[in-house]
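Peer 1: Heads up: the sequence lines are chains A and B, in that order. So the first sequence is numbered by the numbering used here: it starts at 4 and just counts up by one. So the second sequence is numbered by the numbering used here: it starts at 4 and just counts up by one.
Keep in mind the hints are simulated off the structure, nothing from the lab. Among these hints, one or two may not hold up.
[To be verified] Here are the simulated DSS-like pairs of lysine-lysine, each with C-alpha atoms no more than 25 Å apart in a straight line:
{"hint": "1", "chain 1": "A", "residue 1": "429", "chain 2": "A", "residue 2": "594"}
{"hint": "2", "chain 1": "A", "residue 1": "593", "chain 2": "A", "residue 2": "331"}
{"hint": "3", "chain 1": "B", "residue 1": "486", "chain 2": "B", "residue 2": "366"}
{"hint": "4", "chain 1": "A", "residue 1": "429", "chain 2": "A", "residue 2": "585"}
{"hint": "5", "chain 1": "B", "residue 1": "486", "chain 2": "A", "residue 2": "128"}
{"hint": "6", "chain 1": "B", "residue 1": "455", "chain 2": "A", "residue 2": "42"}
{"hint": "7", "chain 1": "B", "residue 1": "366", "chain 2": "B", "residue 2": "454"}
{"hint": "8", "chain 1": "B", "residue 1": "373", "chain 2": "B", "residue 2": "486"}
{"hint": "9", "chain 1": "B", "residue 1": "366", "chain 2": "A", "residue 2": "622"}
{"hint": "10", "chain 1": "A", "residue 1": "623", "chain 2": "B", "residue 2": "366"}
{"hint": "11", "chain 1": "A", "residue 1": "128", "chain 2": "A", "residue 2": "42"}
{"hint": "12", "chain 1": "A", "residue 1": "510", "chain 2": "A", "residue 2": "429"}
Model, not experiment: these values are computed from the prediction.
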Amino acid sequence: MHLSESVTTGYFFLAPWLVFAPVIGLLINIIFGGRLSEKAIGTVASLASGASFVVSVLLAWSLAAGHGAAVTVPFLEWIHIGDLELDWAFRVDSLSTTMMLVVSGVGTLIHIYAIGYMHEDVRFKHDPGRFRRFFVFLNLFIAMMMILVSGDSYLMLFVGWEGVGLCSFLLIGFWYDMDTLGRPSWANSNAAKKAFVTNRVGDFGFLIAAFLMFWAFGSFQFDEVFEAAHAVAPGVIVAITLFMLIGVAGKSAQIPLYVWLPDAMAGPTPVSALIHAATMVTAGVYLITRSAELYTLVPQAQYTVAMTGAITALFAATIAVGQYDIKKVLAYSTISQLGFMVAAVGMGAFVAGMFHLVTHAFFKALLFLSAGSVILGLERGHHHAEHAHHEKKPIGKSGKSKAESGHDEHEVFDPGDMRNMGGLRKTMPVTFWLYMIGTLALAGIVPFAGFWSKDEILLDASRHYPAVYILLSIAAFFTAFYMGRQIWLVFFGEPRHEAAAHAEESKPIITVPLMVLAALSLLGGALNLPFEGFHQLGHWLEYTLHEVEAFPLNLQVAGVSTLVALFAIFLSWLIYGRNPLKAGQPDPLKKPLGFIFTGMENKWFVDEGYFAVIINPFKKLSYFLADVVDWRFWHDWFHETVIAGTYNWLSNIGLNLYADQKGIDAFANWLGTATQSLSATLRKVQTGFVRSYALSVLLGVVLILGYLIVK
Amino acid sequence: MEFLLKPLTLLTFFPLLGVLLILFINAEAKNIIRWVALITSLITFGISLWVLAMFDASNVNLQLVARYDWITVAGWNIQYFLGIDGLSILLVLLTAFLTPISILSTWTAIEERVKDFMIFFLLLEVGMTGVFLAQDLFLFYIFWEFTLVPMYFLIGIWGGPRRIYAAIKFFLYTMAGSILMLLAILWLGIYGGTFSVPDLIAQGNIPADIQWWLFLAFTAAFAIKVPMWPLHSWLPDAHVEAPTAGSVILAGVLLKMGTYGFVRFNLPLFPEAAVRAAPWIALLATIGILYGAMVSYAQADVKKLVAYSSVSHLGFVMLGLFAMNPQGIAGGILQMINHGLSTGALFLLVGMIYEQTHTREIKVYGGLWKITPVFGSIMLIVSLSSMGLPGLNGFVGEFTILLGAFGSKAINNTAYAIASALGVIMAAVYILYMFQKMFLGPQGEIVDEVKKHGHGLRDLNWREIVTVVPLLIFIFWIGLYPKPFFALMAPAVEHLVGMLPIP
């Protein structure tokens with residue numbers, strides 16, 4: 004480890020500890036965790052993540068003290084071969100520290116929350132031994148995410164990029180031997196595999212972009228790449244940026260690679276909040292922002308990125324309307340919101356995109372974790388109700404018998420299904436209010452954080468990209484609508500299942516981190532208010548991004564988006580709030596919308612399409628190649644029948660009819676005897692076949708050798 | 004004495020001392036035999052480290068040379084000529100490293116005829132080390148062919164049900180290619196008046212059309228050994244039937260003899276022909292990468308899955324070597340090591356579970372991670388290494404190879420690198436498929452099956468952990484800090500690239 008001359012003031016030398024702190028945490032838990040209590044394991048992991056946060060704060064502080072001048076902290080030389088010089092260095096600038104703060108800050112809160120959540124979860128799943136593993140993976144994730152955001156070159160970014168993909172795989176498949184309802188199944192591990200493979204498709208794009216970059220610019224290092232980019236033909240830059248977009252689509256769940264994210268909800272809720280909402284999935288947005296200097300050189304690539312984001316935002320929002328699982332709604336919402344961010348950075352509104360990334364991290368983490376609290380509350384209620392059944396006590400007045408609510412004795416209770424909920428605002432009041440704050444922030448209601456960031460995106464779109472503006476506005480309408488639907492279904496009306504009736508509020512270790520996030524969701528907008536002198540985030544990022552456009556508040560755009568959101572919430576009240584859903588009743592939209600609702604319910608059959616067009620043909624081709632081509636044709640027929648058969652036929656004809664059988668036989672026998680007498684070991688082995696083959700080979704060689712010498 | 008004390012001579016022939024000792028031990032004293040073999044191979048590994056300590060990476064010439072006239076009749080000039088340089092040092096180390104690990108893996112797996120097994124195994128080490136050190140073509144050929152014999156017996160005696168068939172096929176297939184190489188070697192020896200590789204390279208006056216034929220003849224031998232698509236048909240048979248230690252050495256070292264042959268002989272001896280062939284080799288390599296990956300995915304037998312994955316991985320190596328730039332060749336050489344480590348480890352691990360369950364059928368497994376957490380975690384790391392996850396060794400090799408191939412002037416077509424990069428996705432598909440079906444998901448039927456016959460599945464014991472941990476150390480080391488490994492070969496690689504007439 005050595006430090007460069009430039010790193011003299013401030014705490015920049017601490018940068019490697021961004022990664023080391025969580026690595027040490029996970030090593031402690033791997034080595035000693037077996038002897039530690041759950042609390043101790045959780046504390047170690049949270050402290051490790053917290054240490055990362057402290058380092059991030061110190062780095063940001065040092066950076067601000069140095070007037071935002073980017074600092075590179077060299078760490079070690081990695082691959083040096085030919086003209087390829089690849090080093091692991093940390094880059095501390097306003098963009099990377101923003102990401103560090105979000106990742107480690109939200110990450111630490113979720114670590115703390117997870118101590119409480121996983122304590123209960125491992126017991127509901129009857130496997131307390133897995134508690135430690137969860138925190139090992141969670142620390143590993145923080146380490147990888149830190150490598151991603153702090154790397155000084157595209158390649159170090161890629162190391163973290165694939166690393167977080169691995170953590171995502173491990174954590175989606177955390178309950179790898181069951182499905183989300185705890186039944187033995189392949190479902191969770193399938194979801195994990197799907198996430199990893201889909202991400203690899205994206206990584207393929209990233210890799211190709213990296214290759215192009217190296218051969219065009221001779222480097223992967225950010226500054227060197229950006230400097231060289233101006234001298235390169237735009238065609239190359241277009242190719243680089245578009246291949247990079249494939250990577251972004253994979254990691255940040257954009258069309259056409261978003262399909263893994265909804266399935267990723269198979270992971271425990273803290274994972275959904277941290278990885279699949281607040282941090283990892285925003286890596287693509289970070290990548291584009293980081294590459295701002297490349298994208299701004301090629302408007303056609305920017306347009307493609309913006310449209311990809313906008314279409315994804317709308318498409319995913321429509322699916323969210325038709326979902327019943329509380330986390331699935333949030334998952335599609337995340338895809339949709341990522342679409343907003345990608346659209347923003349695609350348009351060149353990097354500050355708006357990063358702003359939304361930050362606020363979204365707050366309110367979406369809040370929503371997911373609150374949803375986790377709801378799920379736990381229902382599981383507690385279910386547990387309680389089961390218990391009550393066994394003791395044959397009368398069920399509460401609002402509780403329906405199992406048959407009535409369409410659940411026979413053998414059916415497994417799904418604590419995430421909103422059709423099993425209802426009326427939770429009475430039984431889980433704290434969670435309810437927290438969820439409300441998250442909802443209002445997501446729906447974009449003044450003055451919650453989401454309003455300001457979303458508005459900034461819409462404002463930029465309204466000025467430069469009318470098509471994007473329209474798509475995003477419709478998406479915003481759906482956003483407010485599906486969140487309204489969720490609130491009415493989950494917290495209002497009467498309980499539709501006895502578990503909901505008996506739901507219990509969560510403990511402070513779960514609700515306190517939520518309150519912090521709620522405060523951030525409420526006040527996070529203050530980071531970058533659209534008033535003169537309040538563009539803090541904009542100024543901060545300007546150190547890295549240069550030329551940042553800052554718009555004042557536009558009442559027309561803000562007014563329209565607020566009205567749209569309020570109207571959508573009103574509409575959701577008309578449909579779901581005025582007449583609360585009854586147990587066993589279908590979604591009220593099902594009838595009027597008909598096949599459209601069926602489409603939304605079934606995610607527009609995209610998964611089915613991928614199976615038909617890509618996965619099944621791939622499987623079929625694989626089996627065809629393996630069985631027919633490689634084995635039956637090439638292995639069996641060609642080698643056995645053609646080669647071996649011809650040889651046997653020839654040797655029969657050749658040796659029996661034409662050759663001097665006696666002479667060769669005698670020689671063969673002599674050689675055989677000689678070989679056999681050489682070693683007792685060799686004699687035990689049946690060598691007949693090879694010997695005669697080898698012999699003919701040897702004879703040929705002798706003949707040729709003789710010829711060459713004589714010649 | 005002076006002859007014997009040359010470090011490379013000592014390194015090559017030291018295992019013979021163990022063989023000699025074992026010959027005098029009663030065949031029933033199995034544990035003593037095992038220990039003698041293990042210690043012999045460990046001392047050999049120690050010698051290889053001594054060689055490494057004396058090795059100077061900045062020197063692009065052969066070092067620690069042992070050179071004596073051997074056969075000089077009728078104008079023939081065959082020499083005993085050993086030497087080491089940056090192209091071979093890592094492979095020599097790998098051989099010395101994998102042999103004790105393989106021996107350790109047989110501790111309880113091989114109970115029959117332990118004495119014979121260990122004798123063959125140590126003989127095999129002599130042959131393999133000799134192949135990587137020989138600098139005289141004739142000597143090289145002798146070592147090359149010699150490795151066939153012990154491997155033939157290892158498969159033929161201690162192998163699975165179809166072992167005789169597999170052993171014969173392995174032997175004949177390899178030999179068929181070698182014959183053409185032998186002819187080319189003879190031609191070179193007569194034409195150049197020497198079999199010494201550095202001397203032949205220095206002469207370098209082979210006419211282009213003859214170069215082409217010589218190149219093809221060497222390629223026949225090496226391509227079969229690698230194996231390059233479509234000459235891989237012997238590989239699944241040999242791997243599936245071979246005992247675990249045999250598979251480890253086969254995948255870990257023997258296949259590398261083929262790729263090493265390309266670097267050591269084909270590129271410097273026939274540079275014009277090699278450049279001319281580069282696009283064609285790249286084509287076959289790319290097909291091999293994709294074909295191997297797809298066929299691997301469709302296997303029901305886990306050992307076959309790993310075997311076909313070798314076809315894919317070795318395709319990467321070939322692609323890198325024929326990229327003919329420093330990144331490609333260095334990546335190719337490093338990937339030889341990586342493949343030896345990760346595929347070696349995969350075969351070891353598969354062998355460890357096979358020892359308990361006696362089945363290699365993927366579908367009877369499932370949920371093993373829960374029952375055998377240590378085994379599952381190690382398998383996961385090795386799998387990730389095999390599919391090229393950054394931070395582990397496989398990535399460093401694959402990335403530099405693809406980077407080299409993408410910008411290669413010799414291949415001169417980015418389509419090969421792009422198509423090969425698809426192989427990275429497919430690697431995730433077949434590796435994760437294997438890992439999921441065996442280690443994740445609900446408990447497989449084999450778990451109860453094993454329980455019926457005894458204690459049920461157990462996790463790795465200490466000996467097994469000691470066997471795989473050294474591999475894991477290098478999997479992480481190369482992945483996290485590959486610099487020293489590249490440093491060992493970089494000057495030699497750049498020197499080699501300098502000799503190639505790339506357009």
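Peer 1: Going straight from one Cα to the other, do residue 510 (chain A) and residue 429 (chain A) come out at no more than 25 Å?
Peer 2: Distance ~16 Å between residue 510 (chain A) and residue 429 (chain A) Cα, so the pair holds.
Peer 1: Has the given pair, residue 366 (chain B) with residue 622 (chain A), been kept, meaning a C-alpha gap of at most 25 Å?
Peer 2: Judged against 25 Å, a Cα distance of about 16 Å means the pair holds.
Peer 1: Take the C-alpha atoms of residue 486 (chain B) and residue 128 (chain A), compute the straight-line distance between them, and say whether it is at most 25 Å.
Peer 2: Roughly 45 Å between the alpha carbons, so the hint for residue 486 (chain B) and residue 128 (chain A) is violated.
Peer 1: Can you confirm whether the C-alpha distance between residue 593 (chain A) and residue 331 (chain A) stays at or below 25 Å?
Peer 2: Satisfied, since the Cα-Cα distance of roughly 18 Å is no more than 25 Å.
Peer 1: Starting from residue 128 (chain A), check that the Cα of residue 42 (chain A) is at most 25 Å away, please.
Peer 2: holds (19 Å)
Peer 1: Holds or violated: are the alpha carbons of residue 455 (chain B) and residue 42 (chain A) at most 25 Å from each other?
Peer 2: Outside the cut-off at roughly 39 Å; violated.
Peer 1: For the pair we were handed, residue 623 (chain A) and residue 366 (chain B), check the Cα-Cα distance against 25 Å.
Peer 2: holds (18 Å)
Peer 1: Are the Cα positions of residue 429 (chain A) and residue 594 (chain A) separated by 25 Å at most?
Peer 2: violated (30 Å)
Peer 1: Hint check: residue 486 (chain B) vs residue 366 (chain B), CA-CA at most 25 Å. Holds or violated?
Peer 2: violated (41 Å)
Peer 1: So if I understand the rule, the pair passes when the alpha-carbon distance is 25 Å or less; does residue 429 (chain A) with residue 585 (chain A) pass?
Peer 2: Between residue 429 (chain A) and residue 585 (chain A) the Cα gap is close to 17 Å, so the pair holds against 25 Å.
Peer 1: Hey, residue 366 (chain B) versus residue 454 (chain B), does the alpha-carbon distance stay inside 25 Å?
Peer 2: Holds, at roughly 18 Å.
Peer 1: Holds or violated: are the alpha carbons of residue 373 (chain B) and residue 486 (chain B) at most 25 Å from each other?
Peer 2: violated (37 Å)
Violation of the numbered hints given earlier is confined to hints 1, 3, 5, 6 and 8; the remaining hints are satisfied by the structure.
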